[in-house]
Structure formats: structure tokens, C-alpha cells
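Colleague: Sequence:
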Amino acid sequence: MSCLNGKVAVITGGGTGIGLGIASDFLKGGAKLVIAGRRLEKLQEAAETLSKKSAEENDKKTTDKAEIECVQCDVRDQDSCKALIEAALQRFGRVDVLVNNAGIEGSFLEVEHASEKEWDDIFDTNVRSNFYLSKAVIPHFRKRFEESEEADEWEKPLHTGSIIVVASIAGKIGQARIANYVASNFARIGFAKSLALELAPIRVTVNALCPGVVWTPMWARMVSRVEGPEDETAKFTEKVNALIPMQRPQTEEDMGRLATFMATQPNLTAQEMYVDGGYVH
1 MSCLNGKVAV ITGGGTGIGL GIASDFLKGG AKLVIAGRRL EKLQEAAETL
51 SKKSAEENDK KTTDKAEIEC VQCDVRDQDS CKALIEAALQ RFGRVDVLVN
101 NAGIEGSFLE VEHASEKEWD DIFDTNVRSN FYLSKAVIPH FRKRFEESEE
151 ADEWEKPLHT GSIIVVASIA GKIGQARIAN YVASNFARIG FAKSLALELA
201 PIRVTVNALC PGVVWTPMWA RMVSRVEGPE DETAKFTEKV NALIPMQRPQ
251 TEEDMGRLAT FMATQPNLTA QEMYVDGGYV H
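Position 196 (the sequence shown) corresponds to 196 in full-length UniProt numbering; numbering is contiguous.
Be a bit skeptical, because a hint or two may be false.
[Claimed, not checked] The calculated label-pair distances, taken between Cβ atoms and stated as ranges, are:
1) Lys82 <-> Arg39: 19 to 27 Å
2) Arg142 <-> Leu243: 37 to 45 Å
3) Glu253 <-> Lys117: 30 to 38 Å
4) Gln90 <-> Lys239: 46 to 54 Å
Simulated from the structure, these hints should not be mistaken for lab results.
A virtual CB, placed ideally from N, CA and C, is assigned to each residue, including glycine.
Turn these sequences into a full structure, and let the hints steer you where they fit.
Modeller: Printed below as a string of C-alpha cells:
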């Protein structure tokens, strides 16, 4: 039996980049998926890609089909976040894992020149969304735990649920010209650690997954804003890779493997874990 067999995972920003990498690894582990994002068309394309990949990997091994629900969601809006969790419960009857992955990077500007609107947008997307989504799913986790309280200790769930907050190495070290993005990631990690302590009594784990340099569409946008022309971007990429002790970027697949580990460890909680090739040391 696969490590996530039959489990239901909700992944925001699940249509691209790291979110898609996590969705792919969860699906490989036997999970049922609810992927969310602002663009339904992008989510549907991702679901089709995931389904095809799953069918190829499971050829002749199983007749089970990938179960993937696509839900349009604006994580900056509390009602939209509530509707996402409700949609997951409506489709699958339960939620086992919540991956708060959606995030934006903002412009490369000194604080002196940054706009209040951009700061608000980054914190609404990167931080406030964690509050909205976690608040929406916690009652479901609590109900599941409380329903088991009358059972013998050995019958109680060892792991009621898991919340994974996707942050960044930017939540560990300061960096010039992205103070808004850095601050939002420090907040993400702090939120995860605090929430972990609140939910430990009901056996829900909460951890922060901190990617290093993953060449996702978001990273490509960030680099192009700094360097401009393609040749300069290539030089910047080479420079960044040189700062990584392993001298190579990380991948979406790397993040998927760590997310699967986090989602399946009943005693791993209140931790921040980095997959960065040794960048943060």
C-alpha cells in the first residue's frame, strides 16, 4: 500500500511549479487531489497532465484512475478559501493534508520605492491565505479527532491531519530589494510553528517546507525583472548556482518528495525544513 493511499490532499497553487510537483508526488503515493488556483483552465491542464502521467506509471499495475478535483480559488479571499475546503469535503468526504503553497514574489525594489499596494498583495497572498485556509480546515480535523476520543488509545488516529506551509529560504536570511517577499516568508514560518503548537493536542502536524532555488515560472519572472536581457539572465543563473554548495538548482520533484515525507510523519511538527543544496548553512 502506498504511503498516501486513500488520503485527500488540498494543494493551493497546484497547477504549476512547486505545487504541481507536490501534486505529482502525492498522486504517485496514492492520494486523491484537490488542486486550486485562480485560473481554472490552467488547473484543468495540470489535472490532465497529472492523470496521463499517473496512467503511464501505473500501466498494468492497477486499474485505478487518478482522482483530481480542480477548484478555482482566490486565496486572498476568506470566503473563497472556505469554499475550497467545502468543495474538497463535498467531493471526497474528508481532507487529510492541506498544502498552503500559493505565493507571489513582487518587484525587486528598495523599501524606499516599494508601494503599499504591493506589500498588501504579497502579505494577502503569502501570509493571510495561510490563516484563511488553516482556519477553514481545522474544524474538520478537530471533529475527526473528537469523534475518536471514546475509542481505546490504540484505535485513535495516530495522525489526524497535516498542514504544510510552503515558504522559502527567504524566510531564513535577509535579502536586499525583496524585503516584502522576505518578510512574508519569515511570517509563514512563524505561523507554521505557532499553529503546530496549537494543533499538537489533536494530533495535527504543521511544518514549513522551504525551497531553495527552483527554476519555476516565478523564479524566471524574478530573474528577468532584475537582469532584463536573456544573456544577462543566463549569467545571473550561473552566478546563483555558484552560491549553492551543490552547484545546481533544486527541482519541483525535490519539493514533492519532502512534502510527501512531511505529510506522512505523525511526530514531525513545528519544523522548518530546507531543500536548497546547502545554500542556507
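Colleague: Let me make sure I understand: some of the numbered hints might not hold for this structure. Which ones are they, in numerical order?
Modeller: Of the numbered hints given earlier, the structure breaks none, since each of them holds.
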